[in-house]
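Heads up: the protein sequence lines correspond to chains A and B, in order. Position 152 of the first sequence, counting from 1, maps to 188 under our numbering, and the rest follow consecutively. Position 54 of the second sequence, counting from 1, maps to 57 under our numbering, and the rest follow consecutively.
Some hints could be false.
Claimed, not checked - Label pairs and their computed distance ranges (CB to CB):
| # | chain 1 | residue 1 | chain 2 | residue 2 | range |
| --- | --- | --- | --- | --- | --- |
| 1 | A | Phe230 | B | Gly464 | 32 to 40 Å |
| 2 | B | Arg153 | A | Arg181 | 50 to 58 Å |
| 3 | A | Ser222 | B | Val329 | 51 to 59 Å |
It is worth saying that the hints were derived from the structure and are not from the lab. Idealized CB from N, CA, C, for every residue including glycine.
Listed below, chain by chain, are the residues.
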Amino acid sequence: MSLSPKIIELRKILAERYPQQTTHSLCTPTGWSPLDSLLGGGLPKGAITQLLIPNISSGGAIVLHEIIEAMHDASQYVALIDGKDCFEPVADHPLLLWIRCNNTVQALKATDLILRDGNLPLTILDFKQNSDRELRKIPGPTWYRFQRITEENKTSLLTITRHPIVSSAHLTISMTHQLYIDDLSSQRREIIKFVSLEIVRLRTQLEYRYA
Amino acid sequence: MLKIETHCFAVIYIPFYSLQCAQQKCALQSCSPNSMSSNQLSLDVIETAVYGTAHQNIIDDTSFDIPAALLASDGLHVIELNPAAERAGIHPGVSTSQAIARASDLVLYPRTLSNEQHLQNTLLQLVYRYSPFIENSAPGICTLDLKGKRTRKHQLWLRELLAQLRSVGLKAQAGIGPNPEIALQAAKIADPILEILQDSHLLQSLPLESLAPSLFLLDIMKSWGVRNLGALTRLPREEIGQRLGLEGLSLWDRAAGRSTNVLQLVQPPETFEESIDFEQRLETLEPLLFILRRFLETLSLRIESVYLLIAELHLTLILENGEKIVRILQIPAPTRDVDTLFGIAAQYLETLQTPAPVTSFHLEVIPSRPSGHQFDLFQGGLKDPNRFFQTLARLAALVGNERVGIPQKIDTHRPDSLRMLMPEFDWSRSRIKKKRHPKTGPGLRRYRPGVVADVQLNAEGKPTLIQSSVISGKILEARGPWKLSGNWWDLTRWEAKEWDIALDDRGLYRIAQRTTSANERRRTSANEGADNDRSHSLTFQDQWEVVGVYD
Numbered sequence: 037m038s039l040s041p042k043i044i045e046l047r048k049i050l051a052e053r054y055p056q057q058t059t060h061s062l063c064t065p066t067g068w069s070p071l072d073s074l075l076g077g078g079l080p081k082g083a084i085t086q087l088l089i090p091n092i093s094s095g096g097a098i099v100l101h102e103i104i105e106a107m108h109d110a111s112q113y114v115a116l117i118d119g120k121d122c123f124e125p126v127a128d129h130p131l132l133l134w135i136r137c138n139n140t141v142q143a144l145k146a147t148d149l150i151l152r153d154g155n156l157p158l159t160i161l162d163f164k165q166n167s168d169r170e171l172r173k174i175p176g177p178t179w180y181r182f183q184r185i186t187e188e189n190k191t192s193l194l195t196i197t198r199h200p201i202v203s204s205a206h207l208t209i210s211m212t213h214q215l216y217i218d219d220l221s222s223q224r225r226e227i228i229k230f231v232s233l234e235i236v237r238l239r240t241q242l243e244y245r246y247a
Numbered sequence: 004m005l006k007i008e009t010h011c012f013a014v015i016y017i018p019f020y021s022l023q024c025a026q027q028k029c030a031l032q033s034c035s036p037n038s039m040s041s042n043q044l045s046l047d048v049i050e051t052a053v054y055g056t057a058h059q060n061i062i063d064d065t066s067f068d069i070p071a072a073l074l075a076s077d078g079l080h081v082i083e084l085n086p087a088a089e090r091a092g093i094h095p096g097v098s099t100s101q102a103i104a105r106a107s108d109l110v111l112y113p114r115t116l117s118n119e120q121h122l123q124n125t126l127l128q129l130v131y132r133y134s135p136f137i138e139n140s141a142p143g144i145c146t147l148d149l150k151g152k153r154t155r156k157h158q159l160w161l162r163e164l165l166a167q168l169r170s171v172g173l174k175a176q177a178g179i180g181p182n183p184e185i186a187l188q189a190a191k192i193a194d195p196i197l198e199i200l201q202d203s204h205l206l207q208s209l210p211l212e213s214l215a216p217s218l219f220l221l222d223i224m225k226s227w228g229v230r231n232l233g234a235l236t237r238l239p240r241e242e243i244g245q246r247l248g249l250e251g252l253s254l255w256d257r258a259a260g261r262s263t264n265v266l267q268l269v270q271p272p273e274t275f276e277e278s279i280d281f282e283q284r285l286e287t288l289e290p291l292l293f294i295l296r297r298f299l300e301t302l303s304l305r306i307e308s309v310y311l312l313i314a315e316l317h318l319t320l321i322l323e324n325g326e327k328i329v330r331i332l333q334i335p336a337p338t339r340d341v342d343t344l345f346g347i348a349a350q351y352l353e354t355l356q357t358p359a360p361v362t363s364f365h366l367e368v369i370p371s372r373p374s375g376h377q378f379d380l381f382q383g384g385l386k387d388p389n390r391f392f393q394t395l396a397r398l399a400a401l402v403g404n405e406r407v408g409i410p411q412k413i414d415t416h417r418p419d420s421l422r423m424l425m426p427e428f429d430w431s432r433s434r435i436k437k438k439r440h441p442k443t444g445p446g447l448r449r450y451r452p453g454v455v456a457d458v459q460l461n462a463e464g465k466p467t468l469i470q471s472s473v474i475s476g477k478i479l480e481a482r483g484p485w486k487l488s489g490n491w492w493d494l495t496r497w498e499a500k501e502w503d504i505a506l507d508d509r510g511l512y513r514i515a516q517r518t519t520s521a522n523e524r525r526r527t528s529a530n531e532g533a534d535n536d537r538s539h540s541l542t543f544q545d546q547w548e549v550v551g552v553y554d
């Protein structure tokens with residue numbers, strides 16, 4: 037059945053007026069423009085995105101704050117599952133659900149609950165401060181289970197780790213930057229200009245299906 | 004163009020009402036899994052309770068084939084019977100022993116006045132959905148004035164109403180007639196619905212007794228050979244008036260379907276509650292969940308009849324030792340969905356540990372109107388706030404109540420002073436305050452609690468070397484100190500000198516030299532779950548610690 041010309045016209049008007057919103061059906065815009073432009077609109081819906089931040093003091097927390105604030109500006113809830121209870125809120129975020137876990141086991145259980153709930157469009161699982169020893173103990177099937185849940189609920193899961201551990205991630209992005217002590221008194225927007233992002237792995241749909 | 008309908012009445016009649024109320028209560032108690040001996044049967048019932056796979060009726064048709072009688076409060080004689088007991092030769096007023104002698108399989112029930120009142124209220128609430136003009140005519144009888152009702156397909160809504168009553172545990176009959184008396188007579192002989200029209204043959208064939216005339220009038224009529232309503236209405240009305248006066252005229256009018264009685268209209272009570280006293284004390288959760296689901300089904304039905312939603316659940320458990328546990332559960336998004344309500348209440352009950360078995364359970368629901376939301380075109384709210392509420396409860400059980408929620412800074416200079424708030428479920432964009440804060444410097448990842456460190460200072464008092472369990476090495480650059488202090492007026496005084504340092508591992512860290520009183524240390528360590536400091540002396544101690552890493 038062909039669409040009514042009025043509907044097509046209305047879609048065009050909406051796409052022109054709200055260019056970011058029209059990509060909503062495929063991805064969850066984070067609001068942080070470097071990441072969104074790299075990913076073509078935002079984090080893919082129904083998939084896991086892995087953000088690798090291998091170095092100490094490389095601006096990972098800045099990215100986290102940018103995403104949370106951007107989601108707040110877009111009036112969207114976001115869940116932050118803090119694997120080591122290390123997040124430091126800089127402002128009141130009425131739409132941030134912060135789950136302060138002590139270890140990876142708690143964090144994975146909390147992630148499972150949040151993903152199954154399916155109410156929140158974006159879940160961030162922050163394992164940056166968890167030890168490699170802890171992370172190595174995470175069973176591989178856990179990530180595939182999370183992938184299936186996100187796929188079913190059409191939500192996005194962003195994991196932040198130092199090394200690649202999420203075997204079922206649709207996208208793996210690496211972030212490299214080095215903070216210096218002078219940056220402590222700089223504006224955040226000045227610092228973030230120098231953060232470089234790179235897609236290190238993008239799984240094809242076929243590869244993703246057979247995973 | 005609207006068609007003008009004939010004014011008519013409906014009566015909902017519950018035969019042997021007191022007996023049915025007693026049977027309903029006993030059925031509810033006996034169908035709880037606690038009273039079952041077979042494990043398999045219990046599991047089936049639990050499955051039904053928990054997953055709601057089948058909507059069970061408390062009563063079934065076979066229960067009416069078994070002779071049953073209601074005992075008077077003294078327990079010595081029978082006051083009400085079902086048709087099966089009447090067929091067995093029992094009649095009201097016989098002694099208990101005589102009744103048992105006439106029907107060995109007779110089931111005797113004690114009278115439950117409170118349950119009768121409760122079910123009468125339920126009847127009124129359910130009936131009110133179909134007409135605002137209702138009369139509480141008698142126990143088990145409710146009359147509806149159907150004026151203004153546009154449909155003539157009364158069978159449809161009456162069947163729906165009778166099905167609702169059946170799910171509550173009451174088998175009812177319905178009659179429709181041109182006046183309340185005839186509607187009542189129709190209800191009494193209905194199976195289960197009977198409509199008597201103004202000019203119908205059935206109306207004319209009804210006996211005179213159906214209008215309950217006085218004995219004097221009845222005798223005169225019988226002496227004239229008038230035995231049914233048809234015979235009466237064939238007589239001229241004026242002649243009846245001249246001979247029998249106003250009473251005769253009234254009888255004629257009622258026989259002709261001209262209503263003269265005015266209904267005493269009532270409003271159904273606005274309390275929605277169910278309660279049960281268990282014959283056997285409950286020691287496990289499953290029977291309670293079974294009863295809970297049953298109650299929620301009934302209450303949801305009652306709430307639906309007044310077009311409202313359930314906003315709160317008030318659960319009351321009375322224990323064997325007399326203790327009373329009361330819990331109010333707020334429903335984030337008011338609903339009538341039994342599965343959702345059951346999930347919320349069951350989640351609480353699953354975590355509840357009682358010191359003694361449960362002997363009584365009471366559930367009250369607070370109704371509310373649907374909350375109005377007007378989202379804008381691209382605004383994303385919570386898809387299912389009730390499910391989110393349950394998820395939050397599970398998260399709180401996993402990590403602790405104080406470790407899940409929305410962070411809010413406490414109005415103090417003390418670092419890392421936060422409180423966790425429950426998310427607002429009636430969320431809308433207008434309520435979200437968008438505050439702009441200066442975005443200076445990188446974010447900090449805190450070590451909670453701070454990691455104790457040994458710090459070496461140079462002659463100027465600047466840190467030059469640090470050693471701790473998380474970081475160690477030479478400090479390349481240090482900025483500070485940033486002095487913070489508070490609570491100097493009491494024993495919880497605290498003071499900190501914070502430094503930002505760059506280590507030779509290329510990491511940027513915040514370290515602090517804290518001065519705290521013994522009391523404050525004790526409070527902090529208690530918060531952090533460490534062993535309490537037993538010292539009560541007013542002493543102050545300096546301690547270096549790694550606060551966090553800049554990232």
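Quick rundown of the hints versus the structure:
1. Phe230(A) / Gly464(B): 32 to 40 Å: Once the Cβ atoms are compared, 33 Å apart, the range 32 to 40 Å for Gly464(B) and Phe230(A) holds.
2. Arg153(B) / Arg181(A): 50 to 58 Å: Because 55 Å falls inside the window, the suggested range holds.
3. Ser222(A) / Val329(B): 51 to 59 Å: About 56 Å separates the Cβ atoms of Ser222(A) and Val329(B), which means 51 to 59 Å holds.
Every hint from the earlier list agrees with this structure, and none is contradicted.
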